[in-house]
Amino acid sequence: MIKHNCHDSKITPMTQKKHPTPPQIISNDVVAKSRLFTVESLELKFSNNEERQYERIRGGGRGAVMIVPITADNEMLLVREYCAGTNDYQLGFPKGLIDPGETPQQAANRELKEEVGFGAEFFEPLKVVSMAPSYFNATMHILFAKQLYPQTLPGDEPEPLVVVKWPLTDWQSLLEQEDFTEARSVAALLLLNKYLASGAANE
Numbered sequence: 001m002i003k004h005n006c007h008d009s010k011i012t013p014m015t016q017k018k019h020p021t022p023p024q025i026i027s028n029d030v031v032a033k034s035r036l037f038t039v040e041s042l043e044l045k046f047s048n049n050e051e052r053q054y055e056r057i058r059g060g061g062r063g064a065v066m067i068v069p070i071t072a073d074n075e076m077l078l079v080r081e082y083c084a085g086t087n088d089y090q091l092g093f094p095k096g097l098i099d100p101g102e103t104p105q106q107a108a109n110r111e112l113k114e115e116v117g118f119g120a121e122f123f124e125p126l127k128v129v130s131m132a133p134s135y136f137n138a139t140m141h142i143l144f145a146k147q148l149y150p151q152t153l154p155g156d157e158p159e160p161l162v163v164v165k166w167p168l169t170d171w172q173s174l175l176e177q178e179d180f181t182e183a184r185s186v187a188a189l190l191l192l193n194k195y196l197a198s199g200a201a202n203e
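Following UniProt numbering from start to finish, the sequence shown increments by one per residue and tops out at 203.
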């Protein structure tokens with residue numbers, strides 16, 4: 001029987017920074033594979049000798065980027081695009097996979113040109129986040145971008161993306177939008193607000 005991928009937890013003091021050694025992988029079988037993902041079934045043995053079966057999804061391994069671009073008029077640039085997982089259109093920040101040989105900053109600049117028609121002279125990494133780590137091995141680099149300049153590159157989207165400008169001073173109302181629900185975009189917005197509030201952007 002496959003159980004939930006979050007192991008049973010106990011409350012520990014805040015001084016405990018790390019968990020014990022990860023469980024031993026007894027077996028690892030590929031149960032499905034597609035163009036983008038590989039689904040694996042793992043037999044795990046934990047440090048207390050408990051054995052469990054987990055499933056996980058592995059991506060390409062290079063990760064992805066999400067960019068929060070700010071114009072000279074202090075407007076954030078977002079895109080509204082179709083999301084197959086929810087079969088709906090979602091509002092969020094530009095994002096995409098890191099191509100072979102690219103750094104996160106290079107991937108971010110390329111994605112900006114493909115999705116919103118701008119490049120950026122300045123990038124600041126805000127945080128590397130995981131995505132559903134109980135099931136998925138992928139990570140995403142969230143970056144703040146400014147000093148934009150117009151430049152376009154052809155993208156791989158099946159239809160033109162709708163670019164939405166949002167005043168930075170009105171960022172809190174963005175959280176109230178019904179189509180702004182993607183967790184990584186919400187995290188990116190809050191990380192940006194923390195970064196700007198620290199005054200680091202003016203240094």
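Calculated directly from the structure, the hints in this document are not laboratory data.
Incorrect hints may appear among the rest.
Below are the PhoX-like pairs computed for lysine-lysine, each with C-alpha atoms no more than 25 Å apart in a straight line [as the list claims (entries may be wrong)]:
{"hint": "1", "residue 1": "33", "residue 2": "113"}
{"hint": "2", "residue 1": "165", "residue 2": "146"}
{"hint": "3", "residue 1": "127", "residue 2": "165"}
{"hint": "4", "residue 1": "127", "residue 2": "194"}
{"hint": "5", "residue 1": "113", "residue 2": "146"}
{"hint": "6", "residue 1": "127", "residue 2": "146"}
{"hint": "7", "residue 1": "113", "residue 2": "127"}
{"hint": "8", "residue 1": "45", "residue 2": "113"}
{"hint": "9", "residue 1": "165", "residue 2": "194"}
Do the hints match the structure? See the list:
{"no.": "1", "hint": "33 to 113", "result": "violated (31 Å)"}
{"no.": "2", "hint": "165 to 146", "result": "holds (14 Å)"}
{"no.": "3", "hint": "127 to 165", "result": "holds (23 Å)"}
{"no.": "4", "hint": "127 to 194", "result": "holds (11 Å)"}
{"no.": "5", "hint": "113 to 146", "result": "holds (13 Å)"}
{"no.": "6", "hint": "127 to 146", "result": "holds (17 Å)"}
{"no.": "7", "hint": "113 to 127", "result": "holds (22 Å)"}
{"no.": "8", "hint": "45 to 113", "result": "violated (46 Å)"}
{"no.": "9", "hint": "165 to 194", "result": "holds (20 Å)"}
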